[in-house]
Amino acid sequence: MAERSPLLGEKLGFFGVVAASLSHELKNVLATINELAGLIEDQSIAAEAGRPLRPERLQKACVNINKQVLRGSTLVERLNFFAHSVDKQVADVELGALLTKICDICDRFASLRQVTLARKFTAQELPRTLDPFALQHVVYLAVRVALNVAEAGQAVSLVLEPLEAQGRGCWLAVESENPLGEEGRSLVEGPLMQQLVSELGAEISLVSAQSKDSIVFTWVG
Amino acid sequence: MEERASMRILLVDDEPELVFTMQERLELRGFTVDAVTSGKEALQRIDDNPYDVVVVDVKMPGMGGGEVLTSVRESHPSLPVILLTGHGGSGDEGEEHMLRAACAFLYKPVKIEKLIETMKGCVGEQSDG
Chain D
1 MAERSPLLGE KLGFFGVVAA SLSHELKNVL ATINELAGLI EDQSIAAEAG
51 RPLRPERLQK ACVNINKQVL RGSTLVERLN FFAHSVDKQV ADVELGALLT
101 KICDICDRFA SLRQVTLARK FTAQELPRTL DPFALQHVVY LAVRVALNVA
151 EAGQAVSLVL EPLEAQGRGC WLAVESENPL GEEGRSLVEG PLMQQLVSEL
201 GAEISLVSAQ SKDSIVFTWV G
Chain C
222 MEERASMRIL LVDDEPELVF TMQERLELRG FTVDAVTSGK EALQRIDDNP
272 YDVVVVDVKM PGMGGGEVLT SVRESHPSLP VILLTGHGGS GDEGEEHMLR
322 AACAFLYKPV KIEKLIETMK GCVGEQSDG
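Line by line, the protein sequences give chains D and C. The first sequence: position 130 = 130 (the working numbering), numbered continuously. In the working numbering, each number is its position in the second sequence, counted from 1, plus 221.
The reader is advised that the hints may include incorrect statements.
[To be verified] Derived DSBU-like pairs: lysine-lysine, alpha-carbon spacing no greater than 35 angstroms straight-line:
| # | chain 1 | residue 1 | chain 2 | residue 2 |
| --- | --- | --- | --- | --- |
| 1 | C | Lys332 | D | Lys60 |
| 2 | C | Lys332 | C | Lys280 |
| 3 | D | Lys88 | D | Lys27 |
| 4 | C | Lys280 | D | Lys88 |
| 5 | D | Lys27 | C | Lys261 |
| 6 | D | Lys27 | C | Lys341 |
| 7 | D | Lys67 | D | Lys88 |
| 8 | D | Lys27 | C | Lys332 |
| 9 | C | Lys280 | D | Lys101 |
Since the hints were made in silico from the structure, they are not lab data. Keep in mind the model is a prediction, meaning the values are calculated, not measured.
Chain C with its partners taken away, still in its complex shape:
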């Protein structure tokens, strides 16, 4: 299970049980992971830490994932952001718009293998670019 990965990840979701369990599972696999429950806290962490990838929930109280993404695009243009959503993949116009600015868009619930594969893909794209 452990990948001895060097990737440094920030997880952002207002569901504490969800985000901290994801953190625990990724750490079991050797990743370095921080987890926060608000967009505002996420931006602070991003300013203070050299993350390789950010995974953020779209719908959160206050600052949602879309706003986090917009802010990160301005302050850290090369940092890959993956959006997580509880919507059912309905082709919502707002989500389609965000998808163009995000590295990837994942629908909850997401398999951890799929999440890791997506994160690696985004970080790889970044390295290749």
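So here's chain D without its partners, still in its complex pose:
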């Protein structure tokens, strides 16, 4: 059997992490529906045995089942969108919309660390032609190193802005409240990130200011 290239291995690894995270959350949705449905069954069995029925509890359980179904549907949509993002290596995307999708996915990684993922996106539409999977991958990698140094209660911010006087250019920053240290430097300078950024037609830099680090991706023109 032919060995996977390191880059393909990294890409598959990213795909696996996201699929596992979303499926894990879906399991929570199913487990909650399982308990709520079980409670309705318990209540009906108890009523048959002569206990007074509690209609308000049954109604609340049904409302919460509906909420969980909506939550599950949103998760499936995210998983579906993510899965299809590998369909085309080059696609026309609106950066704000695509970044919102990957932020929604990264929210769970952030919440497990008790960190908030803040979106600070320009209202201006920023269309680009690029590899949507590669963009999500670089954002995930940058967010992951920022989460690794974040403390509970802090925020990691994603900022998307147009470049002034640069035509269609724009920049995206993943801002950490702490220094990203050696891990951040290794990520930015490492072969994986360099390859992905090259595929995206972007430039990457690590910017430090007042003990806070940002990984900045820039598209010129």
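Model the placement of chain C on the given structure of chain D, informed by the hints.
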């Protein structure tokens, strides 16, 4: 349905709707149940109450089930801990490691009969031991 059971249970899961509904269903069956939504809160409750068994979710914000288990093994070595996970039983290495320290490992969603049977098994093992 009611078992008039004397078992005192602590449920720990960061999904409030899930953990409080499980609590309600177990109480309907006669068990004494506390439910909390964080690992930190769980450790406090364990220090303050004589539980027979703890059921804890593996993945939670802040302190996860693995950390709760490690802490309980040190502070209350004989208290059985059952781990709950949303992972699909994929044989994850981390989970395998935790399984050795836990009394049992259950995959969500879990039937309440299976949960009760597992809790009884863990408490029974403890009594026998």
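Results of checking the hints against the structure:
no. : hint                : verdict
1   : C/Lys332 x D/Lys60  : holds (21 angstroms)
2   : C/Lys332 x C/Lys280 : holds (20 angstroms)
3   : D/Lys88 x D/Lys27   : holds (29 angstroms)
4   : C/Lys280 x D/Lys88  : holds (34 angstroms)
5   : D/Lys27 x C/Lys261  : holds (23 angstroms)
6   : D/Lys27 x C/Lys341  : holds (25 angstroms)
7   : D/Lys67 x D/Lys88   : holds (34 angstroms)
8   : D/Lys27 x C/Lys332  : holds (13 angstroms)
9   : C/Lys280 x D/Lys101 : holds (23 angstroms)
Of the hints listed earlier, there is not a single one the structure fails to meet.
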